[in-house]
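Residue numbers (the numbering used here), protein chains in the order written: chain H, 57 to 699; chain G, 57 to 699; chain X, 57 to 699.
By construction, these hints were calculated from the structure, which means they are not laboratory data.
Hints should not be assumed to be uniformly reliable.
Under the rule of at most 25 Å between Cα atoms (straight-line distance), these lysine-lysine pairs were calculated in the PhoX-like manner [said to hold, decoys possible]:
no., chain 1, residue 1, chain 2, residue 2
1, H, Lys329, G, Lys477
2, X, Lys477, G, Lys384
3, G, Lys477, G, Lys329
4, H, Lys477, X, Lys582
5, H, Lys243, H, Lys216
6, X, Lys618, G, Lys329
7, H, Lys384, H, Lys329
8, G, Lys384, X, Lys582
Restraint-style ranges between C-beta atoms, simulated for each label pair [as the list claims (entries may be wrong)]:
no., chain 1, residue 1, chain 2, residue 2, range
9, G, Lys477, X, Gln455, 57 to 65 Å
10, H, Glu148, G, Asp312, 39 to 47 Å
11, H, Glu148, G, Gln224, 39 to 47 Å
Note that the Cβ used here is the ideal one computed from N, Cα and C, for glycine as well.
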Amino acid sequence: MLGVCYYPEHWDETRWETDARRMRELGISFVRIGEFAWSRLEPRRGEFDFAWLDRAMDILHAAGLKIVLGTPTATPPKWLVDEHPDIIPYDEQGRPRGFGSRRHYTFSSETWWTESARIVEIVAERYGHHPGLVGWQTDNEYGCHDTTVSWGPEDLKGFKSWLRLRYQSTDQLNEAWGSVFWSMELKSFDEVALPNLTVTEPNPATRLDFWRFHSDQVAAYDKMQCEIIRKHSPERWITHNFMGFVSDFDHFKVGDNLDLASWDSYPIGFVEKFPFSEVERNRWAETSHPDIAPYHHDLYRAVGKGRFWVMEQQPGPVNWAPWNPVPKPGMVRLWTWEALAHGADVVSYFRWRQATFAQEQMHAGLNLAGLDELSPGGLEAQRVAGELAALGPLPVTQQASVALVFDYQSYWTTMIQPQGKDFRYEELCFRWYEGLRRLGLDVDFVRPGASLDGYALVVVPCMTEVTEEARAALEAATGTVLIGARTGSRDRNFVIPSNLPPGPLGYATGNRVIQVSTLRPGLSDKVSGAIAGAGIRWRETLEASGEVLARFHNGDPALTKKGNILYLACWADEALLGSLLSLAAEKAKLETLPVPDYIRIRRRGDLTFAFNYGTENWALPAGSKPVLGGGVLEPQAVAVWRH
Amino acid sequence: MLGVCYYPEHWDETRWETDARRMRELGISFVRIGEFAWSRLEPRRGEFDFAWLDRAMDILHAAGLKIVLGTPTATPPKWLVDEHPDIIPYDEQGRPRGFGSRRHYTFSSETWWTESARIVEIVAERYGHHPGLVGWQTDNEYGCHDTTVSWGPEDLKGFKSWLRLRYQSTDQLNEAWGSVFWSMELKSFDEVALPNLTVTEPNPATRLDFWRFHSDQVAAYDKMQCEIIRKHSPERWITHNFMGFVSDFDHFKVGDNLDLASWDSYPIGFVEKFPFSEVERNRWAETSHPDIAPYHHDLYRAVGKGRFWVMEQQPGPVNWAPWNPVPKPGMVRLWTWEALAHGADVVSYFRWRQATFAQEQMHAGLNLAGLDELSPGGLEAQRVAGELAALGPLPVTQQASVALVFDYQSYWTTMIQPQGKDFRYEELCFRWYEGLRRLGLDVDFVRPGASLDGYALVVVPCMTEVTEEARAALEAATGTVLIGARTGSRDRNFVIPSNLPPGPLGYATGNRVIQVSTLRPGLSDKVSGAIAGAGIRWRETLEASGEVLARFHNGDPALTKKGNILYLACWADEALLGSLLSLAAEKAKLETLPVPDYIRIRRRGDLTFAFNYGTENWALPAGSKPVLGGGVLEPQAVAVWRH
Amino acid sequence: MLGVCYYPEHWDETRWETDARRMRELGISFVRIGEFAWSRLEPRRGEFDFAWLDRAMDILHAAGLKIVLGTPTATPPKWLVDEHPDIIPYDEQGRPRGFGSRRHYTFSSETWWTESARIVEIVAERYGHHPGLVGWQTDNEYGCHDTTVSWGPEDLKGFKSWLRLRYQSTDQLNEAWGSVFWSMELKSFDEVALPNLTVTEPNPATRLDFWRFHSDQVAAYDKMQCEIIRKHSPERWITHNFMGFVSDFDHFKVGDNLDLASWDSYPIGFVEKFPFSEVERNRWAETSHPDIAPYHHDLYRAVGKGRFWVMEQQPGPVNWAPWNPVPKPGMVRLWTWEALAHGADVVSYFRWRQATFAQEQMHAGLNLAGLDELSPGGLEAQRVAGELAALGPLPVTQQASVALVFDYQSYWTTMIQPQGKDFRYEELCFRWYEGLRRLGLDVDFVRPGASLDGYALVVVPCMTEVTEEARAALEAATGTVLIGARTGSRDRNFVIPSNLPPGPLGYATGNRVIQVSTLRPGLSDKVSGAIAGAGIRWRETLEASGEVLARFHNGDPALTKKGNILYLACWADEALLGSLLSLAAEKAKLETLPVPDYIRIRRRGDLTFAFNYGTENWALPAGSKPVLGGGVLEPQAVAVWRH
């Protein structure tokens with residue numbers, strides 16, 4: 057199903073009916089509105105104006121559109137910020153981040169919680185039973201623009217309270233943090249300081265707790281909104297629209313509050329954000345890399361416990377990346393089908409019509425700037441709508457054969473203490489995911505500690521802290537389990553395990569990490585044996601009691617095996633990673649379908665989808681009978697067949 | 057004629073007579089003094105010491121030198137800053153920019169206007185009728201060191217007042233800015249905030265107004281000084297010495313206050329400042345790029361309504377660039393002749409003698425550091441003086457055949473919203489200028505909206521807002537008009553025109569811009585047809601109703617023609633730009649004289665000048681009879697002949 | 057002799073005896089403790105707990121270890137910082153540098169002096185006569201993490217006082233600084249401002265005085281600690297552990313307070329800190345560059361007036377560089393022997409056991425993290441201990457044949473006014489040192505103005521201010537004296553000498569510097585004659601009255617000779633530097649032993665040591681009879697023979 061994001065407040069009221077009608081004509085079923093409209097709903101404290109939104113919702117509903125309403129908390133109005141400056145967040149340099157764009161609040165401000173609860177309650181109460189309303193979106197893109205963590209006085213206050221609860225006494229805090237090092241011991245929680253602007257690096261344990269504190273706050277804040285909404289609008293579902301490549305808070309915990317997850321898919325902008333090489337950035341500039349959107353689809357399907365939407369789908373060039381190329385013809389259609397292939401319920405485009413003013417005026421819409429005229433992207437959406445109608449309802453998404461265990465805390469831990477400047481957790485997971493999909497495999501993301509039942513292959517690119525639940529789940533897994541370096545390298549207090557890494561997995565893997573080398577770009581260590589390639593960036597010296605399947609140039613173990621558990625002692629370069637994942641798939645007895653780097657395959661129910669991100673044709677597997685597309689998959693084309 | 061900048065206050069009084077005598081012996085006619093001397097003129101509030109300046113001016117005058125006196129407002133003394141800290145400017149990071157160098161004031165401070173008026177009046181009154189005085193310089197290098205825009209409390213106060221005048225009501229302001237987007241609506245002018253340090257980018261319309269506000273202030277501040285000077289010194293002309301590659305305020309508006317423009321020509325330092333490639337930077341390191349000084353000569357001739365000086369000419373290595381090479385032998389002479397060829401009345405060297413102390417002690421002068429001994433640059437100046445005397449008075453500068461419409465606001469607009477990170481307005485204009493001069497053409501800079509009568513060719517590299525006057529002037533032009541991409545892309549409120557870009561020029565060009573792609577370095581789109589090369593950086597999708605002269609690889613229009621108006625739909629790479637300008641010159645029926653990249657030609661009256669920036673000889677056009685130099689133009693040489 | 061750094065407070069008391077015993081078993085004689093333990097010694101103001109340290113020292117002593125006790129001033133506890141926030145330093149951006157790591161104090165705070173004196177007195181009094189105590193360490197790594205210079209209110213206060221003493225009157229200050237330039241004149245010392253955050257660069261003379269002020273403070277602060285210690289512990293020696301590549305204060309002046317110098321040798325981390333090319337960084341990533349440790353050994357031998365220790369020797373990978381590779385096998389042993397070859401009395405490893413918590417948990421120790429089990433580095437230390445015992449006492453270190461005059465102020469001066477962005481004084485000295493050692497020569501560092509008696513060759517890479525003492529020492533030198541460019545370019549007030557550079561050495565060298573060109577990377581000027589290669593970065597135009605041994609491409613003098621003094625007029629590229637030093641050695645009649653870039657030689661008494669940093673074997677000079685190692689020096693091996 058298709059949807060669209062719409063801002064009635066941006067356009068003259070006389071245009072609303074036409075807009076609604078044209079949406080329906082295009083084949084759109086859902087419309088999301090309202091998430092930035094606070095200053096129109098409450099222009100001054102206590103002065104409300106709902107008339108316009110009443111009319112807008114009535115018109116949309118009358119046209120047959122199903123409405124998703126956003127709470128407007130991402131954009132507190134100026135009068136509120138002036139009344140309560142404690143709402144304002146601070147950057148890591150200690151500067152207030154002022155009014156004038158969006159997300160100018162810190163989750164630590166108590167005033168902010170009060171004010172958020174107030175406006176959410178008012179909106180939920182008024183519209184909770186509107187006949188056009190089918191669901192809610194809380195806030196907008198938590199964490200976007202680096203807004204999870206804030207470094208101001210309210211944050212310090214909140215952090216102290218959080219620490220008091222976590223540690224009860226400063227003795228326990230000092231013990232947990234190892235404060236004796238450099239005389240950092242505290243005698244009272246009042247002495248706690250923000251872990252920024254220190255002379256040299258602050259205690260990594262403090263920084264991790266500061267990150268956890270903020271992550272916890274996001275989940276709790278979202279829960280507060282959800283509870284209010286559920287009270288006043290019990291029949292409607294709730295989602296939040298997550299962002300791409302934002303890992304500053306634990307999305308799984310926010311997902312626990314929600315009925316379904318959604319995310320905002322800007323595949324081309326993300327090419328500039330992810331640490332690709334310049335060669336890759338040029339190559340994928342006008343299509344995006346073929347795993348960027350899928351990676352997030354699979355991640356947010358997990359966050360949504362199986363249900364997810366794309367709430368905002370890029371429909372053409374955007375405005376916020378360093379460069380913003382027009383997507384190649386066909387890509388808007390391709391991305392839409394791809395989201396559906398990965399299990400999306402709805403793909404909703406951002407936005408109906410390009411704005412002519414303010415920050416996002418260079419962001420394409422389904423209609424040209426200010427006009428009632430479909431843009432190139434709008435025409436592609438129209439085509440998908442027709443194809444979707446022809447194909448009929450899509451089957452249910454099944455469990456994949458491969459699980460990738462994804463752990464937000466490992467991102468925080470390795471950002472806090474990279475040890476090698478280019479150790480980036482997100483990049484690592486992305487590359488493993490890419491490697492699996494190059495083998496034609498479907499992948500599920502799994503939360504640490506969740507059951508791994510039914511997976512033929514489980515991969516853990518890195519999991520710095522292995523909790524008791526995570527250990528148990530991994531040891532209970534019956535498939536092949538592949539564990540990456542740096543796993544189990546810290547306990548919950550950011551302390552090296554007393555049996556050395558991989559700590560709780562020492563027994564299961566048969567390994568002990570004696571020392572770690574981080575290698576600057578240009579340095580590598582050759583690996584040979586059952587797999588071949590090179591270790592780069594991170595390379596462990598292992599004492600292995602199990603089988604050694606591959607070794608570094610000096611004979612040190614590079615890949616070990618004990619039972620069904622493989623352990624890799626380095627960051628793998630491209631060759632080594634390919635070799636490793638092939639071996640793992642083989643051990644897991646998985647049937648693979650290796651594809652060129654510009655082709656991707658994905659199954660949903662009895663349908664197989666193929667997508668071409670490249671510049672060359674690709675022949676479908678022999679015998680495929682396409683229900684969409686032809687036997688030859690042209691550049692930017694989509695094919696679907698029953699398997 | 058030649059001049060020099062002199063600081064009597066830097067040297068023992070006993071040396072002044074010798075200095076004045078040696079200036080005259082060298083062939084110098086003009087001497088600029090006084091622009092940094094506030095602390096010597098008024099050591100403490102209300103305590104004045106004019107005796108030294110009286111003596112210095114008398115000595116210079118007695119030696120036959122004509123004096124240009126600077127108002128000392130670029131360097132408020134410490135006692136004044138301590139008395140009135142509100143004078144201090146703030147950087148975009150919100151930090152005060154303290155005392156200890158120069159230009160430590162914000163144009164927004166009311167105290168600063170009062171104090172400036174006071175000192176200017178005192179100085180103008182005392183020296184306004186001095187027999188040696190021929191002219192005034194206001195302040196020094198407005199905008200240098202990023203001092204046009206300031207981000208402090210005084211600036212916010214001034215901005216609010218400026219907005220009140222511009223918009224009268226916040227309803228109108230909200231409408232103009234599109235504040236409804238992201239709930240940025242204001243209910244009172246007191247709610248206006250500085251558009252910096254926001255969470256993500258601030259409203260571009262707000263930023264543009266903030267820039268306009270500061271630009272207006274520079275012009276008004278300068279006007280205030282001019283009015284005081286004219287009251288007390290009605291017979292003398294007034295100038296200001298502008299800087300190179302500073303476009304933060306509208307120089308044309310300041311020029312309106314002045315009798316003539318002047319600028320400070322540091323061709324070598326500017327090589328490091330302009331976004332050249334490393335290859336170009338190395339190539340031109342010791343000569344400068346052959347268009348840097350000419351570009352500014354032609355610009356400031358326009359700002360000065362036909363009259364300009366070089367107030368500060370680099371006479372050797374300077375001190376302020378990342379690297380400061382000694383210019384190749386001959387370059388000081390070449391630059392001097394070149395300025396005259398472009399119409400300068402006077403070329404004045406900075407400075408008479410290298411200082412031995414303080415910030416600029418590594419900046420060469422005509423004399424060695426602290427000594428009465430000509431430097432290598434001093435010897436070249438001496439040679440020019442002799443040649444000038446031999447050649448006799450130079451003819452009057454005539455209107456060129458080509459007009460380049462230069463628009464400061466387009467610089468601000470594209471800096472605020474680059475959309476592609478490397479879209480730099482100054483670079484664009486510079487490359488078009490370079491391309492025209494590679495064809496041997498003379499170029500006039502023209503202010504947007506000014507008459508284009510008499511120009512065979514008019515080029516508009518980019519003009520984001522096309523005012524009614526600018527539209528009328530372009531449509532009235534009878535020559536060939538070449539318009540670059542992004543022109544007419546915004547209205548005065550930073551809003552996309554309702555007929556899409558190029559907005560007011562939609563009819564005249566026959567075009568409508570449907571979407572825009574910005575391309576990262578490495579990406580390009582091939583263009584072929586009447587011109588050939590590639591589009592880079594910025595590429596529009598055009599609907600064209602006129603003739604299409606060239607197309608992109610997919611057939612989209614790249615160059616269109618309707619009547620006498622050409623429109624280019626991209627940023628042109630070097631090949632495309634050369635091809636384009638040749639075509640335009642041909643259509644304009646201009647006779648061209650293509651030159652190698654190290655040779656430049658310029659005409660003044662019946663004289664043609666040639667300059668060699670390279671390492672190879674160049675033969676003068678057949679039949680040229682040089683009145684200066686020979687038939688073969690050697691590296692770093694100058695030739696002049698009558699055409 | 058070997059030592060180790062130990063933190064009893066990091067480990068359970070029950071482990072101390074085992075630790076002490078195992079230290080002795082390894083062959084360790086010295087143990088440094090206590091330098092970060094303030095919060096354990098004084099948990100709250102006035103509440104002391106010495107019991108644990110009493111016990112620890114008794115146990116170490118009982119095991120036969122000699123104790124070095126550090127004063128704990130590098131880590132003031134939180135209660136003290138909260139009580140006296142004026143202790144906190146400020147960065148150059150004007151931000152306080154908060155509690156939470158170490159060195160969070162400014163030398164300018166009077167409170168800090170009082171508190172430091174208090175804790176040093178208490179500790180010195182209690183332990184000054186402990187039978188296990190042999191020496192003291194003041195504080196820890198002065199200047200590390202950029203903590204010499206601070207930019208806060210206390211610093212401004214202190215700076216004003218320092219200026220009052222230096223200049224007595226503002227007239228003299230204004231004269232010295234050339235404040236007349238840009239109206240920077242001050243009428244009272246109260247008007248002095250910090251020389252940061254100015255609009256453009258501040259007066260270099262002010263900045264130099266600000267740097268001198270801080271450098272003086274470090275020496276005075278250290279002296280204060282030494283005087284207190286000597287009062288209470290008169291029989292023990294005192295040292296300070298200096299850092300590598302920290303030149304913000306004059307180490308010679310601190311050395312005047314001490315009985316011996318020591319330094320902290322992290323050869324691999326420093327590879328990332330020094331401005332090597334990427335090729336060099338990759339090449340030496342796992343061994344370090346073969347001159348990094350030796351350069352500091354020779355420097356600190358001079359600072360310690362002939363006596364020095366390595367107080368902290370890297371025993372494996374560290375944690376603080378951008379990448380932290382494991383050193384190649386053999387390197388820990390090699391570095392240890394190398395330090396001894398250069399005259400170290402003791403090499404003390406940092407640290408006994410890898411910490412499991414806090415900032416340095418990824419820093420290797422002699423034992424694995426948290427365990428009683430030797431790490432790979434620990435095993436190498438054990439091997440050295442055995443070899444040392446076998447070889448017996450090492451001979452006394454003799455004076456070298458070559459003196460390198462090293463001047464901290466030249467570092468400050470050229471940082472303040474690089475003129476060419478890549479003019480780095482430390483790099484220059486390092487490259488000259490490297491060039492000398494590539495000829496197999498031993499080098500002594502010498503303080504400016506110190507006697508140069510007995511040196512066959514004296515090199516002065518650069519000495520911006522040549523004091524009367526320095527001039528006299530150079531002119532009195534009987535060996536060959538080689539002086540580099542930029543020497544004598546400023547007087548004590550940062551003013552260009554009235555006879556132009558090299559100022560006081562104008563007569564002795566026969567030279568006068570007319571102008572200076574700084575060359576961007578990619579530009580160079582060919583030199584030929586008695587030496588060959590190219591000048592890069594800095595190139596002077598010289599008037600030479602002596603002999604010209606080599607010339608630039610245009611005939612300007614590049615190398616001159618007058619009497620025994622050679623003067624080089626540029627920064628030499630690698631070829632030119634090699635050629636120059638060979639010529640100088642030849643003129644000095646020194647016997648050289650050119651070695652490949654991965655081999656180094658060093659003599660101590662009658663022993664010659666050789667070290668292999670490379671990947672290829674090297675044959676010892678014919679006839680060498682190794683007392684350690686074989687006739688073929690393998691990669692990472694050490695050889696010692698009697699000459």
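Hint by hint, here is what the structure shows:
1. H:Lys329 x G:Lys477: Holds: lysine 329 of chain H and lysine 477 of chain G sit about 14 Å apart, inside 25 Å.
2. X:Lys477 x G:Lys384: 20 Å, holds
3. G:Lys477 x G:Lys329: 17 Å, holds
4. H:Lys477 x X:Lys582: 39 Å, violated
5. H:Lys243 x H:Lys216: It holds: about 13 Å lies between the C-alpha atoms, which stays within 25 Å.
6. X:Lys618 x G:Lys329: 42 Å, violated
7. H:Lys384 x H:Lys329: 19 Å, holds
8. G:Lys384 x X:Lys582: 15 Å, holds
9. G:Lys477 x X:Gln455: 57 to 65 Å: 59 Å, holds
10. H:Glu148 x G:Asp312: 39 to 47 Å: Taking Cβ atoms as reference, glutamate 148 of chain H and aspartate 312 of chain G lie about 46 Å apart, which means the hint holds.
11. H:Glu148 x G:Gln224: 39 to 47 Å: 41 Å, holds
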